[in-house]
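> Sequences listed follow chains A and B, in order. Just so it is clear: in the first sequence, position 203 is 203 by this note's numbering, and no numbers are missing. Just so it is clear: in the second sequence, position 10 is 1010 by this note's numbering, and no numbers are missing.
Because the hints were derived from the structure by calculation, they are not lab data. Careful: at least some of the hints might be erroneous.
[To be verified] If you want the footprint, here are the derived chain A segments under chain B, 3+ residues with CB under 8 Å:
{"hint": "1", "segment": "25–32"}
{"hint": "2", "segment": "36–43"}
{"hint": "3", "segment": "258–271"}
[Claimed, not checked] Here are a few chain A residues that sit away from chain B, every Cβ distance over 10 Å (derived from the structure):
{"hint": "4", "residue": "Gln9"}
{"hint": "5", "residue": "Lys94"}
{"hint": "6", "residue": "Ser152"}
{"hint": "7", "residue": "Ser196"}
{"hint": "8", "residue": "Asn202"}
{"hint": "9", "residue": "Ser205"}
{"hint": "10", "residue": "Lys241"}
{"hint": "11", "residue": "Pro290"}
All values reported here derive from a predicted model rather than from experimental measurement. Beta carbons: idealized from backbone N, C-alpha and C, even for Gly.
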Amino acid sequence: MAPLEPYEQVLIDDAFLEEDPHGEIACEKCHGGKAQATNMKAAHKGLVPDPTYPDPSKACGECHEEIVATNKTSVHVSLNPYKHIIGMRASTKKGTRKKVFKAMDTHCSTCHSSCGQCHVSRPDAAEGGFVEGHLFKKTPPMDTNCTACHGSRVEMEYLGKNQGIPGDVHYTKEGMQCIACHSGEEMHGMGKAYASRYEVENAPSCEGCHEDAVSPTAKTRTHRIHKEKVSCHACHSVAYKNCYSCHVGKDKKGLPYFKTEKTDMAFKIGLNPHPSKNRPYKFVTLRHVPVSKGLFDFYVKDGLAHFDALPTWKLATPHNIQRKTPQTKSCKSCHGEKKLFLLEKDVTPEERAANKGVIVPDNAVPR
Amino acid sequence: MVRPKGKVAWYLWVVLIVFIGNFLLWGNTNSVQSQEESTCISCHTSVKELVKITREIAAKSPPQKSAESKGEG
Chain A
1 MAPLEPYEQV
11 LIDDAFLEED
21 PHGEIACEKC
31 HGGKAQATNM
41 KAAHKGLVPD
51 PTYPDPSKAC
61 GECHEEIVAT
71 NKTSVHVSLN
81 PYKHIIGMRA
91 STKKGTRKKV
101 FKAMDTHCST
111 CHSSCGQCHV
121 SRPDAAEGGF
131 VEGHLFKKTP
141 PMDTNCTACH
151 GSRVEMEYLG
161 KNQGIPGDVH
171 YTKEGMQCIA
181 CHSGEEMHGM
191 GKAYASRYEV
201 ENAPSCEGCH
211 EDAVSPTAKT
221 RTHRIHKEKV
231 SCHACHSVAY
241 KNCYSCHVGK
251 DKKGLPYFKT
261 EKTDMAFKIG
271 LNPHPSKNRP
281 YKFVTLRHVP
291 VSKGLFDFYV
301 KDGLAHFDAL
311 PTWKLATPHN
321 IQRKTPQTKS
331 CKSCHGEKKL
341 FLLEKDVTPE
351 ERAANKGVIV
361 PDNAVPR
Chain B
1001 MVRPKGKVAW
1011 YLWVVLIVFI
1021 GNFLLWGNTN
1031 SVQSQEESTC
1041 ISCHTSVKEL
1051 VKITREIAAK
1061 SPPQKSAESK
1071 GEG
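Model the full structure from these sequences, guided by the hints.
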């Protein structure tokens, strides 16, 4: 995604005023400020750049009441899974916990979205700026809005930007955009505070489109055999990105920074940490996420006192699906193929306790 | 009651239609008019003006992102 020149970020297109119904609304009604002022400083006094965050009810609610009603529960807005994960790992000592959550607000909570940051502007986390001269986009463009944030893993995988690894078949063969699977209803929230994005009830599933693939009379024998034992991704995805460690802090100028140690391309099947109705599988793909015990050491020592409460190899749904993969060649491609599985030796000693629920014991590798 | 006839009636109808029309269009006209008079619009639709201002702001503003960030997030 090409960056915008600073002037482009705030340049209103005439088409917004002439064609977009939102262009009929006076600027100050949504953004505040002083529209009749004669200089920039006075005009921007009290200005709200994104009137849809954190509460969109005033700017959007008058016309889009139903969508706004559930907006707070959208994981893009609430970041509830982050809060849940950090909350599980954080110290239970009141003072320490408070410092952890303050650090989280400084570093993690800046990655959120809002009505405006999907339908009008690029997200703030991707440096903002109008998508198209303040025109409202009913469907947010994939490159400026979805992959602007979900770039490091999803975009690289889906578009085939990881060297030597093909893009997702849904994109390379069908050109499907994110919205083809991830509906507006999913993005807008359902009114429930989910602890994980995998709990979102209207999130996409492979079976949603490929219904026959997992039916009792499925044509493919391996589908009939594995359907509730192995996730679709375990057979149909290929190597994906894993990030290791993360430390956050503030530099001499007071600006927040993060440092991750390394990334690698790997493919690991492990035990399903959260079997559920939608994901009953025993084996799933796991991705190492950027986290470490000392994540918040800059702010408070031993902030993540319960680091081992959750695995660092997390349930993953890589976006690089292929019909044929190294795993689908033959039974022996997986059965007895230990290198595909997350074994104890693949996990650093300091993270073994955290991952004990997902590491595949040697004797549990399918033979 | 005396009912107006002929030209008088015709004029009264015209006045009535113009009045109702203005009333119905008032909200919309008011909004368009306010947009036209707005400093926001005059500035934010002018490339020349915005280039000048954003350059001035960039020259004065300190960097917003730390150079110490490293790796993929």
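> Give a verdict on every hint.
Going through the hints against the structure:
no., hint, in the structure
1, 25–32, "holds (count 5)"
2, 36–43, "holds (count 5)"
3, 258–271, "holds (count 6)"
4, Gln9, "8 Å, violated"
5, Lys94, "29 Å, holds"
6, Ser152, "5 Å, violated"
7, Ser196, "19 Å, holds"
8, Asn202, "27 Å, holds"
9, Ser205, "27 Å, holds"
10, Lys241, "8 Å, violated"
11, Pro290, "6 Å, violated"
Checked against the numbered hints above, the structure violates hints 4, 6, 10 and 11; every other hint is satisfied.
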